[in-house]
Amino acid sequence: MNRSIATSNRILRLALLSPAALVLTLTTLVPILYMVVSSLYRLDPVLFNRAWPFVGLGNYVDVLTKDPMFWSSMQKTVLFLLYTITPQIAVGMFLAVLLFREFKGKALVQTLMLFPILTTPVVISMIWKYFFDFDTGFLNVLLIKLGLPPQTWLSTKGFSFITGIPGIGPWLASTFSLNWAFASIVFVNFWQWAPFCFLVFYAGLTALPLEVFDACRVDGATRWQTFRFVTLPLLRPVVWIVVFLRIIDCLKVYAQIWVIFGNAEPTRIINVHLYTIGFTMSDYGRASALGVITLLFIALILVGNYLLGGKSHESSV
Amino acid sequence: MKAPYRIMKSALFYVFVFGVVLFWAFPIFWILISSFKPDNLIVSQDLHLIFGPTLANYRKIFTSHNFFHFLYNSAYVAVVTTLIVFLAGFTGAYSLSRFRTGGFLLVFLIMLTRVAPPAAILMPYFLIFRHLKLNNTLTALVIVNVAQNLSFMLLMLKSFIDEIPYSIEEAARIEGASWYQILSLLIFPLARSGILTTSIFTFIFTWNEYLFAMVLCSSNRVKTLPVAAGDFITAYAIEWGPVFSSGVVILLPIMLLAFFVQKYIVKGLTFGAVK
Chain C
250 MNRSIATSNR
260 ILRLALLSPA
270 ALVLTLTTLV
280 PILYMVVSSL
290 YRLDPVLFNR
300 AWPFVGLGNY
310 VDVLTKDPMF
320 WSSMQKTVLF
330 LLYTITPQIA
340 VGMFLAVLLF
350 REFKGKALVQ
360 TLMLFPILTT
370 PVVISMIWKY
380 FFDFDTGFLN
390 VLLIKLGLPP
400 QTWLSTKGFS
410 FITGIPGIGP
420 WLASTFSLNW
430 AFASIVFVNF
440 WQWAPFCFLV
450 FYAGLTALPL
460 EVFDACRVDG
470 ATRWQTFRFV
480 TLPLLRPVVW
490 IVVFLRIIDC
500 LKVYAQIWVI
510 FGNAEPTRII
520 NVHLYTIGFT
530 MSDYGRASAL
540 GVITLLFIAL
550 ILVGNYLLGG
560 KSHESSV
Chain B
814 MKAPYRIMKS
824 ALFYVFVFGV
834 VLFWAFPIFW
844 ILISSFKPDN
854 LIVSQDLHLI
864 FGPTLANYRK
874 IFTSHNFFHF
884 LYNSAYVAVV
894 TTLIVFLAGF
904 TGAYSLSRFR
914 TGGFLLVFLI
924 MLTRVAPPAA
934 ILMPYFLIFR
944 HLKLNNTLTA
954 LVIVNVAQNL
964 SFMLLMLKSF
974 IDEIPYSIEE
984 AARIEGASWY
994 QILSLLIFPL
1004 ARSGILTTSI
1014 FTFIFTWNEY
1024 LFAMVLCSSN
1034 RVKTLPVAAG
1044 DFITAYAIEW
1054 GPVFSSGVVI
1064 LLPIMLLAFF
1074 VQKYIVKGLT
1084 FGAVK
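Line order of the protein sequences matches chains C and B. Once you know that position 131 of the first sequence is 380 in our numbering, the rest is easy, because the numbers rise by one and skip nothing. Once you know that position 256 of the second sequence is 1069 in our numbering, the rest is easy, because the numbers rise by one and skip nothing.
Hints may contain errors.
Sample of chain B residues at the chain C side, in silico, Cβ under 8 Å [what the hints assert, rightly or not]:
| hint | residue |
| --- | --- |
| 1 | P840 |
| 2 | N853 |
| 3 | V856 |
| 4 | G902 |
| 5 | L909 |
| 6 | L922 |
| 7 | T926 |
| 8 | Y1023 |
| 9 | L1024 |
| 10 | A1086 |
Derived DSSO-like pairs (lysine-lysine); straight-line CA-CA distance at most 30 Å [what the hints assert, rightly or not]:
| hint | chain 1 | residue 1 | chain 2 | residue 2 |
| --- | --- | --- | --- | --- |
| 11 | C | K394 | C | K406 |
| 12 | B | K1080 | C | K501 |
| 13 | B | K822 | C | K501 |
| 14 | B | K1076 | C | K501 |
| 15 | B | K873 | C | K353 |
| 16 | C | K394 | B | K946 |
| 17 | C | K406 | B | K1080 |
| 18 | C | K355 | B | K946 |
| 19 | B | K946 | C | K353 |
| 20 | B | K1080 | C | K394 |
For the record, the hints were derived by calculation from the structure and aren't laboratory data. Bear in mind that the values here come from a model prediction, so they are computed numbers and not experimental data. C-beta: ideal position from N, C-alpha, C; glycine also.
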């Protein structure tokens, strides 16, 4: 680049960037600083227009020691990440490898797979709330037609095959959220985002040199060997990026759970808990502290993922 | 020996593909169909594959629930947000790409907005807007949605502008082109597919947004479509008919986009993962 042009236009380059920088500062940095400050005060709708009583780290102590729902919602958030992302990646990869060939109607299949990804989360929840509905939902009506007993899809009962394990069954079911309600929010997220994983892996496959696969065929490698020793290693960077993107997006999930279950305890992940503290209980101060803690928690997860293997993707968020 | 085996294998493959399509497309298709059913057929223990279609569910949301107004609110927020994100994003991405302006702080800010969950930063937005008396205004929604989408626009457009050779610009400058001309007549057309992609995504994300709209714009005057549709589901009763028809109204523009500008959508979804 021509250095003299670049330096002589210092004002211009700042002028071009300033709208974006200003917006980002005002809408991200300022609110986060505001949240850090407000987390140090006792604050609710009544106190808002008066002098806020300073409580120091009191709100943080409250969240960490006096709020059992906080720890359980953290636990559920981590479980939610594990349960949704793992099958999405696996199924997405399976579909991408399987559909990576020429066949009739391929374009249509790919278009249809776009729909769930783009579908409004609220509408997705409505669709599945209807499908899972006990009395008139699609699945139960279908089961009854087929002469099978209807299922309580959205119940908060643990899976009977888990709770039935003698001794540790009930403990397993409650510790690892192995119940119908939790499974259904996991399923809804899976339904929406497995096509995304498929799409990205598929695009990753198209970007690979075809000669590699020809060579495998010539050498007599089985399909599994080709996948295990050629395709998967070549796609590894893409897989890590998808894991990273899925973690970020799963940590933002809110509407899907809210519309189906509200703030019911079995499906209360951290985002729903944040809303409950801040807007159902109107404890603004504690919600701010919880927000700060959540941001730190997310930073921790992302750093962990980075150290585990996703080192190449920091430029691709 | 070999031919029947191959036919069976390809038949199995098509059965599988059909299953995949069914699993991901059928729920949406079923909602579309059900939205034309009269109430008594929706709340019933039968599937009613054949029925006399009715527009009653649509009439209901547009006449007794003011959905024209919610539609306007949604469209207004989505269009204005997309315009602002485009303007700030295009100029900002150009500056980022050509001059590496901003340094670490800017990159940090971009990353922060990209990863922070809306629920975590909702509280300060709500309080700040309360100071500014912006709660229950569409302006508030535009502001938060711009914040949510700008980082994606910056990152994606930057990578598009990176691909445009700098020598073209230098040639134009020697010919006497001004900065404005270079941006609008040279860079803009060359980065057009990136701009379209990011704008489509900004529009869809804003159109779909729920949490901010629910908290910041709860009054009927400024409600958006997803919030209005969510209102049909309460802890006490669910009106399935309006739920389906409002769902279809929300999805229609998105489905049209998916059909007609599919190329850009795939590009946007796979951006970052696959060059």
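Comparing the hints with the structure gives:
1. With 8 Å as the threshold, the beta carbon of P840(B) comes within range of chain C, its nearest partner Cβ sitting at about 5 Å, so the hint holds.
2. Using the Cβ-Cβ criterion of 8 Å, the hint placing N853(B) at the interface with chain C is not satisfied: the shortest such distance is roughly 11 Å.
3. The interface hint given for V856(B) holds, since its Cβ lies 5 Å from the closest Cβ of chain C, which is under the 8 Å cut-off.
4. The interface hint given for G902(B) is met, as the beta carbon of that residue sits about 6 Å from the closest beta carbon of chain C, less than 8 Å.
5. The closest approach between the C-beta of L909(B) and any C-beta of chain C is roughly 7 Å, which is under the 8 Å cut-off, so the hint is satisfied.
6. Hint status for L922(B): holds, given a least beta-carbon distance of 5 Å to chain C, under 8 Å.
7. Hint status for T926(B) relative to chain C: holds, with the closest Cβ pair at about 5 Å, below 8 Å.
8. Given the 8 Å rule on beta carbons, the hint for Y1023(B) holds: about 4 Å separates it from the nearest Cβ of chain C.
9. With a least beta-carbon distance of about 5 Å to chain C, the hint placing L1024(B) at the interface is held under the 8 Å criterion.
10. At its closest, the beta carbon of A1086(B) sits 4 Å from a beta carbon of chain C; the interface hint therefore holds under the 8 Å criterion.
11. Taking the CA atoms of K394(C) and K406(C), the gap is near 25 Å; set against the 30 Å cutoff, the hint holds.
12. Annotation: proposed proximity of K1080(B) to K501(C) holds, straight-line Cα distance about 22 Å (limit 30 Å).
13. Distance restraint check for K822(B) and K501(C): the Cα-Cα separation of roughly 42 Å exceeds the 30 Å cut-off, and the hinted pair is therefore not satisfied.
14. Restraint check for K1076(B) and K501(C): satisfied, since their Cα atoms lie roughly 26 Å apart, inside the 30 Å limit.
15. For a cut-off of 30 Å, the pair hint linking K873(B) to K353(C) is broken: about 41 Å separates their Cα positions.
16. Our distance criterion of 30 Å between C-alpha atoms is broken by K394(C) and K946(B), whose separation comes to about 55 Å.
17. The straight-line distance between the Cα atoms of K406(C) and K1080(B) is roughly 42 Å, outside the 30 Å bound, and the hint therefore fails.
18. A hinted pair counts as satisfied when its Cα atoms are at most 30 Å apart, and K355(C) with K946(B) does not qualify at roughly 52 Å.
19. Between K946(B) and K353(C) the alpha-carbon distance is near 57 Å, which puts this suggested pair outside the 30 Å criterion.
20. Between K1080(B) and K394(C) the CA atoms are separated by roughly 43 Å; this puts the pair beyond 30 Å, and the hint is violated.
Violated hints, in rising order: 2, 13, 15, 16, 17, 18, 19 and 20; the structure is consistent with all others.
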